[in-house]
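One line per chain: the protein sequences are X and H, in this order. Per the numbering used here, residue 1 is the first one in the first sequence, and the count goes up by one each step. Per the numbering used here, residue 1 is the first one in the second sequence, and the count goes up by one each step.
It should be emphasised that the hints constitute simulated quantities derived from the structure, not laboratory data. There's no promise every hint is true.
Here are the in silico distance ranges between beta carbons for each label pair [as the list claims (entries may be wrong)]:
hint : chain 1 : residue 1 : chain 2 : residue 2 : range
1    : X       : S90       : H       : R73       : 21 to 29 Å
2    : X       : P67       : H       : T18       : 45 to 53 Å
3    : X       : V151      : H       : R46       : 47 to 55 Å
Built from N, CA and C at the ideal position, the CB exists for glycine as well.
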Amino acid sequence: MSTDAIATPTPEQMTELQAVTDRARAGDHTAVPRLRELLALFPRHGAYFGDLALQAAGVWIDLAAGPDLHLRESLAVKLDALRRDLLGGSADPVLDLAVDRVALTWLAANYLTAMDGAAVKHGESPRLQAFRAKRRHQAERAHLTALAALVALRKALAAPPAAAPLAAPVLTDRAAREAVANRLSGFFDGLPTLARDGAKAAASN
Amino acid sequence: MGWELRAASGKMYFYKATRGADGRVVKVYVGRGDRAHAAAAAAEARRNDREAVRRSIEAEAARTAGADELTARVVAAAALVAAAALLAHGWHRPNYGPWRRKRT
């Protein structure tokens with residue numbers, strides 16, 4: 001892929017996406033149409049973030065493997081397999097970026113776990129051990145957050161997006177409010193009530 | 001903690017700084033004999049150890065700084081785009097908890 005084809009998102013585009021996302025997060029339903037428009041533009045930037053993730057993965061692999069070419073190759077193969085498994089054949093650029101996030105945090109968490117283990121093994125100073133343990137915990141937390149986001153995203157993308165506004169309809173008059181059926185009413189209709197059971201038991205006695 | 005000049009005698013005396021039970025730092029007189037020189041050497045060694053640990057922590061942070069920076073950029077972009085996509089699909093995240101589908 002040539003780098004000319006990659007559209008680098010401008011800071012203004014990212015700032016707008018952040019602002020519109022914040023508005024939608026705060027419950028502003030008017031932000032949703034613009035959010036969808038911005039997301040529709042995203043596939044053009046997907047390649048840029050993909051390249052960034054590739055660079056980051058390369059740096060983590062360099063750190064972990066050092067001059068060991070076998071380990072370097074093994075890590076690259078493992079990372080590819082992980083990305084393929086997590087992507088599950090999807091071509092969605094949003095999911096692709098979420099998978100990149102999981103793969104990177106997985107690499108970072110594993111590298112920092114190995115470093116933490118080495119610090120304990122070599123009897124390094126407690127302050128250095130504490131520093132490495134703290135970084136390991138941060139990396140593990142970041143990995144779990146990335147996984148949670150990926151799981152939610154896969155569920156959301158599997159279902160069709162909500163076409164209607166996200167707001168619940170506001171029922172102004174009393175008749176309209178009363179017309180809303182209780183979703184559990186049908187469920188209770190078929191069940192014997194405790195009072196009815198009690199009366200039957202009394203009649204049989 | 002260190003050698004202090006006392007004007008009355010015109011001589012240097014070593015004082016050790018310790019933290020009392022109430023959390024306040026107090027200076028404890030050690031003197032100027034062999035014991036004072038030994039205490040000063042021990043204090044210097046402790047200072048050097050602390051400095052070496054600080055340098056190794058800095059080196060460790062510097063070694064992963066490039067990877068951390070690139071990862072942080074990807075993670076921030078992925079988190080933003082994922083949040084945008086989830087919100088556009090009618091999901092929400094109450095009280096910074098897990099993402100949930102909104103009831104319709």
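Is the hinted range of 47 to 55 Å satisfied by the C-beta distance from X:V151 to H:R46? 49 Å, holds
Given a hinted range of 21 to 29 Å, is it respected by the beta-carbon distance of X:S90 and H:R73? Once the Cβ atoms are compared, 23 Å apart, the range 21 to 29 Å for H:R73 and X:S90 holds.
Taking 45 to 53 Å as the stated bounds, is the beta-carbon spacing between X:P67 and H:T18 within them? At roughly 48 Å between Cβ atoms, H:T18 and X:P67 fall inside 45 to 53 Å, so the hint holds.
When each numbered hint is compared with the structure, no violation occurs for any of them.
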